[in-house]
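Student: Each chain is listed here by its residues.
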Amino acid sequence: MGRVTEVATTISHEEILDWIRRFAADIEAQRAELVRLDTAIGDGDHGTNMDRGMHKALEKLEAAEGADIGATLKAVGMALISSVGGAAGPLYGTLFLQMGSTTTGAGTLDVAGWADALEAGVKGVQARGKAEPGDKTMVDALLPALEALRRAQAEGADPAQAARRSAAAAEEGMKATIPMEARKGRASYLGPRSIGHQDPGATSAYLLLSSAAETFASS
Amino acid sequence: MGRVTEVATTISHEEILDWIRRFAADIEAQRAELVRLDTAIGDGDHGTNMDRGMHKALEKLEAAEGADIGATLKAVGMALISSVGGAAGPLYGTLFLQMGSTTTGAGTLDVAGWADALEAGVKGVQARGKAEPGDKTMVDALLPALEALRRAQAEGADPAQAARRSAAAAEEGMKATIPMEARKGRASYLGPRSIGHQDPGATSAYLLLSSAAETFASS
Amino acid sequence: MKKLINAPDAVVRDALEGIELAYGDRLRVSYDPAYIVRADAPVEGKVGIVSGGGSGHEPMHGGFVGRGMLDAACPGEVFTSPTPDQMLEATKAVNGGAGVLHIVKNYTGDVMNFDMASDLGKAEGIEVEAVVTNDDVAVQDSLYTAGRRGVGITVIAEKISGAAAEERRPLADVADICRRVNAQGRSMGVALTPCTTPSSGEPSFELGDDEMEIGIGIHGEPGRYREPMAPAAQIVERLATAVVEDLPYDSGDQVLAFVNGMGGTPLLELFIVYRDLHRFLEERGITITRRLIGNYITSLEMAGCSITLLKLDDELTRLWDAPVDTPALRWGA
Amino acid sequence: MKKLINAPDAVVRDALEGIELAYGDRLRVSYDPAYIVRADAPVEGKVGIVSGGGSGHEPMHGGFVGRGMLDAACPGEVFTSPTPDQMLEATKAVNGGAGVLHIVKNYTGDVMNFDMASDLGKAEGIEVEAVVTNDDVAVQDSLYTAGRRGVGITVIAEKISGAAAEERRPLADVADICRRVNAQGRSMGVALTPCTTPSSGEPSFELGDDEMEIGIGIHGEPGRYREPMAPAAQIVERLATAVVEDLPYDSGDQVLAFVNGMGGTPLLELFIVYRDLHRFLEERGITITRRLIGNYITSLEMAGCSITLLKLDDELTRLWDAPVDTPALRWGA
Ligand SMILES: Nc1ncnc2c1ncn2[C@@H]1O[C@H](COP(=O)(O)OP(=O)(O)O)[C@@H](O)[C@H]1O
Ligand SMILES: Nc1ncnc2c1ncn2[C@@H]1O[C@H](COP(=O)(O)OP(=O)(O)O)[C@@H](O)[C@H]1O
Ligand SMILES: [Mg+2]
Ligand SMILES: [Mg+2]
Ligand SMILES: [Mg+2]
Ligand SMILES: [Mg+2]
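First to last, the protein sequences are chains A, B, C and D. For the first sequence, this note's numbering begins at 1 and goes up steadily by one. For the second sequence, this note's numbering begins at 220 and goes up steadily by one. For the third sequence, this note's numbering begins at 439 and goes up steadily by one. For the fourth sequence, this note's numbering begins at 772 and goes up steadily by one.
Derived by calculation from the structure, the hints in this document are not laboratory data. Among the hints, erroneous ones may be present.
Below 30 Å or equal to it, Euclidean Cα-Cα: the simulated DSBU-like pairs (lysine-lysine) are [unchecked claim]:
id, chain 1, residue 1, chain 2, residue 2
1, C, Lys-440, D, Lys-773
2, C, Lys-530, A, Lys-60
3, B, Lys-394, B, Lys-349
4, D, Lys-863, B, Lys-279
5, A, Lys-60, A, Lys-123
Based on the provided sequences and hints, a complete structural model is requested.
Tutor: Next comes the structure, spelled out in structure tokens:
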């Protein structure tokens, strides 16, 4: 990796760490935008919450050098659970914890391993939050991303391509939340007044996948 | 009176009643303006207070038909004391009570009688409020009005002329409060920030005298 | 945004320090993880009661910690549910051997975080029960929402459950009483202005000079309906009708009436609301036998109010009247 | 202007009705003239304590009527001193034969109206003493002002004098104690926003998004200085320095610290102010041994706060701690 001509077929632990760092940076950059989106149909804290959590996660990673991918992802999950709060804390926390469980001991992941991990994470989110597609939540970005990843895997895509395709699907899923009427979370209290606004959690979920795509593409 | 060619040399009880009614009407018309002035350097209630008080005074007068000038003025004073509150209530209340005391039993007043009454009223205001000329209070309109009235009396003016001249002096006194720094009442808390605003109490005091001038001129 | 704060992300910590300095004789404050606990916790043999939620609703919940009410409160960031580690540590700190009741307002975040804490507590061998309050009639409790929000009844549930725990009732009983309060309570609120969280710095919604938001929650979120401003009596009728018809409260019922300010409404106005509510209920034959008027569950500096009714019986009345000794609610002590 | 009211000129009356309906078991309300009085007044042999002032400062004064504090309160229109007839009737209603103390905030209107009432009361054979509070260090007490305003110390003076009266101390003593509280107390306040009276409908002043008014009173009047907005710790330093240096409060002093919200400031922020005040005083060797934090003397929905200190001695501390049982202050009862 690092050499332009070679195509990487696996994701290294270092790339996973880079992904976490880039996700944290993207959240920080989009913090105000996430707050704005959450102000429209929620309570205006999603950007602040995620930013606080990702800073904590980075601190934890500094402290815990040398572990495997599973340990890294679990550490991120624990950091989020104990610092984000709100709905996003348990949901993103669970997502990372579950991704960590399927990757315990792993030093690298191929596309299948990455997809398995994401699937476990998304299933964890659904188990905890009970959201179905169409409820106008992060699930509306996560599920299409997972499906696109599985398709890419079936077609033999490399990690960079696969991540790019899942990010594109997440973006579409995120935009598709705009016309939806929320049925889960705080936005559901608004009923029809939630229509016309993009879901903040779906937006941070898109960042999760776009930061992976950018990380894996540039390595 | 009522006939244009004759010049009235006295003020009748009916004219005193008309004066009270006109003063009440002028206060009502200027209520918002008085509130605005009091908002700038006070607490924004002078117009509402005076308007509430003059309505009460009119109610009282309705009930107490046929009394003399002194009784009428005292009734107005009592009504103001028990309904205006704030600084203006005791001050205007005292003014009318004192005017009433000097006119007990009177059915008409000549210019001297009118001036004696006003002097008693203004002295009452000063005794109660301890304000000196230049303190930026109603006294700055009342005292010049009284002085002008005394001059007019000395020069043998009729009630209409005398009232016109005292109203003009009140108006000047009122305007002269603009550059003053308040030393009494709520506006004094502002210190130099009170400069540049016209005193609300001096403004209502001008209305007191201008309504007399208008009433006595048209009778 | 103008606030008496030092930095947006220091708000909760600074305020906790203030609470500790002010009430250190009766409360202890833990900072990491953050929770406020009775100085004498755990009380041997007494059910411990833990609540918590986002900050910005003061005095709820920290102001309700003390004898006869909560044993501990977990403050989250402003309008953000606290985290499971806070709740777990608070649960451990108040467990006097008789188990711990979690009183949770029904919001997705609060419920999920308390769920995790409850699992963690049980894993450590502590008996934990949770009661979720959901009294807000502005939200339909259906498959298409996250369910009714927990609002004003939470304050009353904390007081009454606290009194039951103080009587050394077992956990199952205390939880039952708490559920009964929730089941017999209903609320609805109105906002005349939005509020601004320190971290966002922007008003939570835009509202015209002659508009109000009916059916708001307590997090500055927009309400269910935007309507033209109206006189107090009409607003009360609007809110109270929805509340009364929901349970429903019927002629002959005795109720506790709770007129709550959202933080930026003068008490003077709350008295007017109370008057209009009293008249409304009187016309329907409903009698107010207990009342609470003031700012108890707030949304920062939002102007507006909420109305909560609780149908009373002898037991609930007695528990409401029992002594309480907390920074924000205090009587008989 | 958006308020939970029915009509601007019905505000005081409607609120009084609410107070009567809410607290009718412990208070009586007279409407014409308007005053609120302890249900058991007059208390035989006890000095009666009457206060009053414009409305819009709730809970002051009506919320402080009850055992251990005021016997009666006279509410004026919003921000307008009440009238002598109200005060006279209240004085008569609370005279239990031991005389009546008037606690008057130093404003021209309040002082003149209470003066007249006192004269009328004496004319009816009632022994009346008046104490005028004037603790606001923002105003210079000089020939060039109406003197210092009475602000936060009034609440504390009412509590402590009430306790002294409850001990059946004679009128001269109760008045002396009240004067001592005033003499040992100082205050200063800040506004972050103006307020709007129902009858004017307009904000009491205009303030930029990054400005504050330092040295405000409680009637929405502009302050002494307009300054750029600053962090809480700096604002506290600004206010507390003026307060501490005025009396002065010295190292070794024990004080009651009263952090008061102006009506529209979240309690969360008041806790931060309290923390910063504690630190400020600690650095100067001044110890807070008693405290009061909350909205007690307000300016409608104004955002901001005031800081009041009272130098304590054993007697004042004991009287502060004595039981009080009013709608807004309650302990030991
Ligand atoms: N039950 C749920 N399942 C999945 N995602 C959810 C659920 N409830 C809320 N969310 C997501 O959480 C986001 C809000 O997160 P955040 O603002 O941090 O929490 P809170 O709503 O507690 O303030 C929503 O935009 C939505 O995507
Ligand atoms: N000591 C005083 N002597 C004379 N007039 C005074 C005095 N104090 C205040 N005033 C007058 O009263 C006016 C304010 O009246 P008002 O607003 O009704 O009372 P308040 O100041 O109590 O709100 C001032 O504009 C001033 O003219
Ligand atoms: Mg949110
Ligand atoms: Mg005024
Ligand atoms: Mg939140
Ligand atoms: Mg006034």
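Student: Please go over all the hints and tell whether each is borne out by the structure.
Tutor: Hints, one by one, checked against the model:
Using a Cα cut-off of 30 Å, the hinted pair Lys-440 (chain C) and Lys-773 (chain D) holds, with the two alpha carbons roughly 20 Å apart. A distance of roughly 25 Å separates the Cα atoms of Lys-530 (chain C) and Lys-60 (chain A); the hinted pair therefore holds under the 30 Å criterion. A hinted pair counts as satisfied when its Cα atoms are at most 30 Å apart, and Lys-394 (chain B) with Lys-349 (chain B) qualifies at roughly 21 Å. Between Lys-863 (chain D) and Lys-279 (chain B) the alpha-carbon distance is near 25 Å, which keeps this suggested pair within the 30 Å criterion.
Simply put, Lys-60 (chain A) and Lys-123 (chain A) have alpha-carbon atoms about 25 Å apart, close enough for the 30 Å limit, and the pair holds.
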